[in-house]
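Participant: Line by line, the protein sequences give chains A and B.
In this text, residue positions in the first sequence follow our numbering: the first is 1, and each later residue adds one.
In this text, residue positions in the second sequence follow our numbering: the first is 1, and each later residue adds one.
FYI, nobody ran anything at the bench for these hints, they're computed from the structure.
All residues carry an ideal CB built from backbone N, CA and C; glycine is no exception.
Where hints are given, some of them may not hold.
[Unchecked claim] Computed from the model, here is a short list of chain B residues facing chain A with C-beta under 10 Å:
hint: 1; residue: Ala13
hint: 2; residue: Cys114
hint: 3; residue: Lys120
hint: 4; residue: Lys139
hint: 5; residue: Ala143
hint: 6; residue: Pro182
hint: 7; residue: Cys210
hint: 8; residue: Leu214
hint: 9; residue: Leu230
[What the hints assert, rightly or not] Derived pair list, reagent style SDA-like, types lysine to any residue, alpha-carbon separation capped at 25 Å:
hint: 10; chain 1: A; residue 1: Lys419; chain 2: B; residue 2: Asn43
hint: 11; chain 1: A; residue 1: Lys448; chain 2: B; residue 2: Glu211
hint: 12; chain 1: A; residue 1: Lys335; chain 2: B; residue 2: Ile213
hint: 13; chain 1: A; residue 1: Lys335; chain 2: B; residue 2: Phe67
hint: 14; chain 1: A; residue 1: Lys655; chain 2: B; residue 2: Phe67
hint: 15; chain 1: A; residue 1: Lys335; chain 2: B; residue 2: Lys120
hint: 16; chain 1: A; residue 1: Lys357; chain 2: A; residue 2: Glu583
hint: 17; chain 1: A; residue 1: Lys419; chain 2: B; residue 2: Asp178
hint: 18; chain 1: A; residue 1: Lys448; chain 2: B; residue 2: Lys120
hint: 19; chain 1: A; residue 1: Lys448; chain 2: B; residue 2: Phe67
hint: 20; chain 1: B; residue 1: Lys120; chain 2: A; residue 2: Leu685
hint: 21; chain 1: A; residue 1: Lys335; chain 2: B; residue 2: Gly184
hint: 22; chain 1: A; residue 1: Lys335; chain 2: B; residue 2: Arg75
hint: 23; chain 1: A; residue 1: Lys419; chain 2: B; residue 2: Gly184
hint: 24; chain 1: A; residue 1: Lys419; chain 2: B; residue 2: Pro69
hint: 25; chain 1: A; residue 1: Lys295; chain 2: A; residue 2: Gly200
hint: 26; chain 1: A; residue 1: Lys448; chain 2: B; residue 2: Arg5
hint: 27; chain 1: A; residue 1: Lys448; chain 2: B; residue 2: Ile213
hint: 28; chain 1: A; residue 1: Lys335; chain 2: B; residue 2: Glu211
hint: 29; chain 1: A; residue 1: Lys330; chain 2: B; residue 2: Pro69
hint: 30; chain 1: A; residue 1: Lys591; chain 2: B; residue 2: Ala172
hint: 31; chain 1: A; residue 1: Lys335; chain 2: B; residue 2: Asp32
hint: 32; chain 1: A; residue 1: Lys419; chain 2: B; residue 2: Ile213
hint: 33; chain 1: B; residue 1: Lys37; chain 2: A; residue 2: Pro339
hint: 34; chain 1: B; residue 1: Lys37; chain 2: A; residue 2: Glu593
hint: 35; chain 1: A; residue 1: Lys448; chain 2: B; residue 2: Ser216
hint: 36; chain 1: B; residue 1: Lys139; chain 2: A; residue 2: Lys330
hint: 37; chain 1: A; residue 1: Lys295; chain 2: A; residue 2: Val201
hint: 38; chain 1: B; residue 1: Lys139; chain 2: A; residue 2: Glu593
hint: 39; chain 1: B; residue 1: Lys37; chain 2: A; residue 2: Glu327
hint: 40; chain 1: B; residue 1: Lys37; chain 2: A; residue 2: Gly200
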Amino acid sequence: MTEPKITPELVQKHGLTPEEYGQILRILGREPTYTELGIFSVMWSEHCSYKNTKPLLRTFPTRAPWVLVGAGEENAGIVDIGDGLAIAFKMESHNHPSAVEPFQGAATGVGGIIRDIFTMGARPVCALDSLRFGELTDPEVRRLFTGVVGGIAHYGNCFGIPTLAGEVYFDPSYAGNPLVNVLCLGVLRHDQIARGRACGVGNPVFYVGPATGRDGLAGAAFASQDLTEESAEIQRGAVQVGDPFMEKLVCEACLELLATGAVAGIQDMGAAGLTCSTCETAARAHTGIDIDLDKVPQRAPNMTAYEIMLSESQERMLIIVHRGREEEVKRTFEKWDLPWAEIGRVTDTGRMVVRHKGQVVADIPAKMIATESPVYSREAREPSYIESVRAFRLDGIADVAAPVPVLNKLLSWPTIASKNWVYRQYDHMVRDNTVVCPGSDAAVIRIKADSIPPLGGDGDKAAAPEETAVPEKYIALTSDCNGGYVYLDPYEGGKAAVVEAARNLVCAGARPLAITDNLNFGNPYNPELFWQLRESVRGIADACRALNTPVTGGNCSLYNQSPAGPIDPTPTIGMVGLIERREHITTQWFKDEGDAVILIGNAVDRSDALEGLGGSAYLKVEHGLKTGTPPRCDLEKARLLNTSILSLICSGDIKSAHDCSEGGLAVCLAECCISHLEARNTPRLIGAEIDLSDVESSIEKESGALPRLDSLLFGETQHRIVITTSDLDAAKVLARAKLLGLVACRIGRVGGDALAVKTRRGEWRWPVAELHDLWWNSIARIFRNPA
Amino acid sequence: MSIFRFAVIQFPASNCDQDAVHAIRVLGHSADYVWHKEASLGNVDAVIIPGGFSYGDYLRTGAIARFSPVMQAVRRFAEDGGLVLGICNGFQILCEAGMLPGALIRNRSLQFRCEHVFLKTVTRDSPFTRSIPEGRLLKIPVAHGEGCYYADEPTLKRLASNGQILWKYCDASGQITDSANPNGSLLNIAGICSEARNVAGMMPHPERACESILGSEDGRMVFESMIDTLRLARTGAAA
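Turn these sequences into a full structure, and let the hints guide you.
Facilitator: In structure tokens, the structure reads:
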């Protein structure tokens, strides 16, 4: 077969600049083959090389005594949770594939991240998804939303992983370019950590999983350009098709195999497929790798070396096996009826050598492709819109006169409304570990014996994990990012995403451990968009340092823009925390009639000219405005709030805790009244009588004026949590909170069938059944009665 | 106390197999996996076919599983009077295998549904319901995309007159209503048993409701009914 001649046009079509091509010529000392050009193009694509973000990512704090495998070292980060146990977790995006083929795009996103986790030797035990779409009034958005949710459900449910938390935001900026970020978390023992390293010269290299086809050809390159109608049409074939059944078999087989000790290194074939897995494993182990493509199982006839190397067919793994133990490996694959092939050897040359039909079609120093990709520092410039955002004042905005319809509107707004339309389609209880289901601030799972992979035994007899003692532990997870805040102030917005994630975890009773991030941004070659990226990374890094939650890995997804414009910059934060004792698990909903409601934190930040209304849901929903500097995020306050709330929870007197975020105090209180679900059609509703007049008076005393009513009810001032305690414990908890340095104020009691709020400017009542109906059914209603 | 041995059948894509084993062990009994390629169950007292997607279920849920070697063994075990409980995908497999009448088709919402539901026990005259207190509603989760129970009119009549309908979906007050039905099942049927009463299938997952930390312990009563049945048979045989 004759390969195309390398021309400047062909180089350009591969997304490589003339300078990058020059670097390739220097590395090889000759002109690349067509296959080599393909290999460089995917490995040096934004998606695989992080060439425009590396300098920024280096500013993240990545180390802590509990980080066992840090960012960038392997396929996912691993964090110690004590008693010899650890968790592996990572978040990844599948935005562009989901834009062109929502069902399969989202499904394979789930598949990819699950593989990253079991590649580390961990048993995947839960998933979380963070989604962004345009407005649901648009039929095309409803199609994407339905497809993405269906795809996640299909893959996760069939694989048998509970999808138990996440978030969905709706904003016009995502209309042509939805975001699909999926986090997977796995559990393992320290001695079970597997590495993506081609160790041991002479060791055989195995391929396992379904045959390689032409699907997903160069998907990584596709993810690394702007989404246009033309690119979407051409690239529809770049979207892979997922097979969760196959993934389940591959996962179980790999975990069983790892238990035998026969595996020297393992890596999944994700983006850039065979190319990435071979050169990365060799580069990490400082070895070389030599593979023969004729041995690779192929689904389509006459595939070229280029196609085989760049295919992104799903559910495939590369496994380096200790020489002499091939039989155990074959036995395991055969037990699970999995296709496999021995395709090569580890060498000491440091080169990745690819053979096809008796010819060497690629011969490249592995490190040069895997780690020596070009790195760019892009130009950053503050966008012009920022000035008008900063200048925005509330002067022209009339204060709220009738809060009742406003709260109703906010609770029915799809971004705030219950996401049960989504999570009831996900099996969120499989594996018998889900302690707090979707619908609270953070989901909580327990770790038990069968959460860890099989343990090594004699020879190929892996011990069932159920037979070993594992102390019960609980993991809380959340994902957060208010893209609107980040758009209006990337630095503060980046900080706020981390701080809100941490607040959600402490409300669940968990100590935050670490984060994974998914940086969704526009084209980095646009200085204004790159500024958004740079500033929000600075915010995330500062917040992670302040809260001691290092970044253990993640994903960058740039070029998120459609012909209509770029998305709101969205650095999604996935955070995990540890709960040591069952008694500390806390949920957001009010528990018992008569309990005292306490607001922790300043009701309104008077140092903020916009009193917490900048970038708020209230301004957007009630006034149609997406502007104003978002609420300030004070990291010292955040740290104090977190440690203090945890300390209060550990003292055992806290019955519920819910953080104030979008929609402010009023939405927070409403959610406390209506979010407890007993069973199908059986919410457990409970009202509350709230009196904010003392809060108003103390603000008036301090600052000389009453706060705006809209900022009191709907402002999004940071660092606030609503807790409840029994009436008897209230005084004790208040005293303790003050001792810890918190602002704490008793604002009411739980009970009745309405949320009643009294202020110095009026009293209002919302029957909880009505609030629940608006909040619970709004998204389903849009589908039933599209506008 | 006698300890009974449960076999939990493991198809390649069973994904509630570990949960079933866990639940049985929580109840203080013994549970072992039996791989789908096995032609024998070994010496067991009862069989659970757990939830999942057996062989991927791309054709039809449970359509391929019924041909597996282990299902022949399960069939023989049932023919000898052994207790077999199919949960979710296990229920689908038992219907496909003809060991239970009817079929499970796509939910009427055309969406997967995962949530806690209430079940009303229609008859306590079965090895799967005998220990459920009279009038006690069970709160147990469902998680399926194809759980809408369907059978022709004569079959439904026969099920009703033979007392083969074990559980129906109901609301929190025990009313059998349409809105309490999560999938559109005819007559709100959530679970049935065979004419000989020793084989049962149910869409809800009792193994996910055996510990208070998971929000409900009502699933225990289903397994405890089976255990009480086995205990009675053992003491009966001894006497």
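Participant: Taking the hints in turn, state whether each one holds.
Facilitator: Status of the hints after comparison with the structure:
1. Ala13: holds, 5 Å
2. Cys114: Holds - the Cβ of B/Cys114 comes within 10 Å of chain A, reaching about 5 Å at its closest.
3. Lys120: B/Lys120 check fails; min Cβ-Cβ to chain A is 13 Å, beyond 10 Å.
4. Lys139: holds, 6 Å
5. Ala143: holds, 4 Å
6. Pro182: B/Pro182 check passes; min Cβ-Cβ to chain A is 6 Å, inside 10 Å.
7. Cys210: holds, 8 Å
8. Leu214: holds, 7 Å
9. Leu230: violated, 22 Å
10. A/Lys419 - B/Asn43: violated, 47 Å
11. A/Lys448 - B/Glu211: holds, 13 Å
12. A/Lys335 - B/Ile213: The given pair, whose Cα atoms are some 36 Å apart, is violated under the 25 Å limit.
13. A/Lys335 - B/Phe67: holds, 18 Å
14. A/Lys655 - B/Phe67: This hinted pair is violated, its Cα atoms lying about 52 Å apart.
15. A/Lys335 - B/Lys120: The given pair, whose Cα atoms are some 42 Å apart, is violated under the 25 Å limit.
16. A/Lys357 - A/Glu583: violated, 64 Å
17. A/Lys419 - B/Asp178: holds, 23 Å
18. A/Lys448 - B/Lys120: violated, 31 Å
19. A/Lys448 - B/Phe67: Roughly 34 Å between the alpha carbons, so the hint for A/Lys448 and B/Phe67 is violated.
20. B/Lys120 - A/Leu685: Holds: B/Lys120 and A/Leu685 sit about 23 Å apart, inside 25 Å.
21. A/Lys335 - B/Gly184: It is violated: about 38 Å lies between the C-alpha atoms, which goes past 25 Å.
22. A/Lys335 - B/Arg75: holds, 23 Å
23. A/Lys419 - B/Gly184: holds, 22 Å
24. A/Lys419 - B/Pro69: violated, 43 Å
25. A/Lys295 - A/Gly200: Between A/Lys295 and A/Gly200 the Cα gap is close to 21 Å, so the pair holds against 25 Å.
26. A/Lys448 - B/Arg5: Given that 25 Å is the threshold and the Cα spacing comes to 22 Å, the pair holds.
27. A/Lys448 - B/Ile213: holds, 13 Å
28. A/Lys335 - B/Glu211: violated, 33 Å
29. A/Lys330 - B/Pro69: holds, 22 Å
30. A/Lys591 - B/Ala172: holds, 19 Å
31. A/Lys335 - B/Asp32: Distance of about 18 Å is within 25 Å: holds.
32. A/Lys419 - B/Ile213: holds, 23 Å
33. B/Lys37 - A/Pro339: Within the cut-off at roughly 18 Å; holds.
34. B/Lys37 - A/Glu593: Violated: B/Lys37 and A/Glu593 sit about 56 Å apart, past 25 Å.
35. A/Lys448 - B/Ser216: holds, 18 Å
36. B/Lys139 - A/Lys330: violated, 45 Å
37. A/Lys295 - A/Val201: holds, 20 Å
38. B/Lys139 - A/Glu593: Judged against 25 Å, a Cα distance of about 24 Å means the pair holds.
39. B/Lys37 - A/Glu327: With a Cα-Cα distance of about 20 Å, the restraint between B/Lys37 and A/Glu327 holds, given a limit of 25 Å.
40. B/Lys37 - A/Gly200: violated, 35 Å
Consistency note: the structure conflicts with the earlier hints numbered 3, 9, 10, 12, 14, 15, 16, 18, 19, 21, 24, 28, 34, 36 and 40.
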